[in-house]
Structures are given as C-alpha cells and as structure tokens.
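Q: Residue strings, one per chain:
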Amino acid sequence: GQQLNQSPQSMFIQEGEDVSMNCTSSSIFNTWLWYKQDPGEGPVLLIALYKAGELTSNGRLTAQFGITRKDSFLNISASIPSDVGIYFCAGTPYNNNDMRFGAGTRLTVKP
Amino acid sequence: NAGVMQNPRHLVRRRGQEARLRCSPMKGHSHVYWYRQLPEEGLKFMVYLQKENIIDESGMPKERFSAEFPKEGPSILRIQQVVRGDSAAYFCASSPSGARGYTFGSGTRLTVV
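Those protein sequence lines, which keep their order, are chains A and B.
Take the first sequence: its letters are residues 1 to 111, numbered as in my numbering.
Take the second sequence: its letters are residues 112 to 224, numbered as in my numbering.
Since the hints were made in silico from the structure, they are not lab data.
Just so you know, even glycine gets a beta-carbon here, dropped at the ideal spot from N, CA and C.
It is possible that part of the hints are untrue.
[Stated by the list, open to error] Here are the simulated lysine-lysine pairs, DSSO-like style, with alpha carbons at most 30 Å apart:
(1) B:Lys182 - B:Lys155
(2) B:Lys138 - B:Lys162
(3) B:Lys182 - B:Lys162
(4) B:Lys138 - B:Lys155
(5) B:Lys182 - B:Lys138
(6) B:Lys162 - A:Lys51
(7) B:Lys182 - A:Lys51
(8) A:Lys70 - B:Lys155
(9) A:Lys70 - A:Lys51
(10) B:Lys173 - B:Lys162
(11) B:Lys138 - A:Lys51
(12) B:Lys173 - B:Lys155
[To be verified] Stretches of chain A that chain B covers, calculated by requiring three or more beta carbons in the stretch to come under 8 Å of a beta carbon on chain B:
(13) 18–27
(14) 63–72
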C-alpha cells in the first residue's frame with residue numbers, strides 16, 4: 001500500500017523549545033491526521049485535516065495539509081515535559097478509506 | 112459514550128495455542144481496522160472490515176491470521192498456532208465512515224511464551 005515517510009525518527013529537545021515534524025507521501029492523500037501515543041496506550045487524535053492548504057491549531061499544536069496533498073507537518077510550540085511520546089502522522093489515500101501510518105517521531109523533552 | 116473497547120488488555124499464550132482478540136467499536140461505527148505494533152516500531156495496517164465484510168486484508172499474513180466483524184458482537188482477530196514473533200500490541204480502530212471520527216482502542220498486548 002501507499003507509504004508515508006515521517007521525519008525525524010526521534011528528537012531530543014529542551015523544555016520550552018519549538019518542535020517540527022513532517023510526513024510525505026508519493027501519492028495524493030485525502031486526509032491527514034496527527035496522533036500521539038503514550039506508553040502502553042493507543043494513539044490519540046491530536047489534529048485532523050481534510051482540505052489541501054488547511055492550517056489547524058489545537059492549543060500549542062499546529063498542523064497543515066500540504067497544497068500538493070502529498071505532505072503535512074506538525075508543529076509544537078513551547079514544549080513541556082508531558083509532550084513526551086510518539087507522534088504519528090496518518091492519512092487516507094485518494095482511492096480508498098484505509099488509514100496509513102508513518103513510522104512515528106519519538107519526542108523526548110528535557111526539563 | 113464508551114470509546115473503542117478492546118479486550119483483553121494483556122494476553123499470554125504458549126506457542127501453538129490460539130489467540131482471540133476482541134474489539135467493540137464505538138456506537139454508530141461500522142468500520143473497524145486492526146493494526147499491529149512491534150516494540151519501538153510504528154503501526155502496521157492488517158485488515159479493514161465493515162459489518163460482515165472484509166474490505167481490505169492486504170496487511171494480514173495469509174496463514175494463521177483471520178478477522179471477522181459479525182452482524183452482532185465485536186470484531187475478532189484470531190491468530191492460530193501462535194509463534195514468538197506474534198508477540199506485539201494489536202490495536203483496533205473504528206470509524207463511522209472513512210477517516211472522520213477515527214478512534215483507537217487501548218490495544219491488546221499479546222505475549223507468546
């Protein structure tokens with residue numbers, strides 16, 4: 001199936017710093033979503049994007065659906081220790097309803 | 112309004128036994144998806160089902176694995192004759208339609224000893 005390339009794989013940042021991660025695809029996607037997974041839990045939806053060019057915020061998080069429909073980014077501003085976790089991008093390809101996931105970005109925030 | 116319910120949370124099986132993982136979707140959700148996550152890795156799509164139908168099973172191993180979503184009751188992911196390599200977290204997600212409202216359960220952690 002269609003693959004999503006998510007980068008970076010991991011990030012080690014200081015509390016208060018801003019974070020940016022992105023996801024790209026070789027094919028067009030209809031939907032982009034960003035999830036966070038805490039240890040031992042299932043992924044929780046952070047932001048959902050449904051239109052090319054859409055820019056959406058959720059508190060300190062901002063995500064955008066790329067104009068080409070082949071990429072998306074997630075920014076976290078002023079990181080705090082509870083931002084620690086794995087962030088996954090996900091999307092539904094143009095021609096089906098299956099959700100595809102990136103490999104995840106593991107975020108560590110140092111106090 | 113209960114979320115996606117998966118049980119059991121933890122399952123231990125000996126090699127060669129069968130594992131049955133259950134997923135009850137959110138009320139009103141007729142689409143169910145199963146994923147496998149190995150330690151330190153991402154989510155790998157296994158199978159997508161709608162009520163009584165398998166829509167896409169391209170991510171599911173051809174042997175020993177099967178999934179169903181009957182008209183009544185939860186979706187079941189069944190692994191026969193488990194091997195150590197089947198040890199992983201298995202997550203279920205449900206949605207009313209496509210990507211909107213796509214919600215995950217807390218997963219079942221399968222350990223094969």
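Q: Compare the structure with each hint and give your call.
A: For each hint, the structure was consulted:
1. B:Lys182 - B:Lys155: 26 Å, holds
2. B:Lys138 - B:Lys162: 13 Å, holds
3. B:Lys182 - B:Lys162: 6 Å, holds
4. B:Lys138 - B:Lys155: 25 Å, holds
5. B:Lys182 - B:Lys138: 14 Å, holds
6. B:Lys162 - A:Lys51: This hinted pair holds, its Cα atoms lying about 29 Å apart.
7. B:Lys182 - A:Lys51: 34 Å, violated
8. A:Lys70 - B:Lys155: 20 Å, holds
9. A:Lys70 - A:Lys51: 12 Å, holds
10. B:Lys173 - B:Lys162: 21 Å, holds
11. B:Lys138 - A:Lys51: Holds, at roughly 27 Å.
12. B:Lys173 - B:Lys155: 15 Å, holds
13. 18–27: violated (count 0)
14. 63–72: Since three or more residues must qualify, the claim that chain B covers the segment 63–72 of chain A is violated, with 0 doing so at under 8 Å.
Going through the hint list in order, the structure does not satisfy hints 7, 13, 14.
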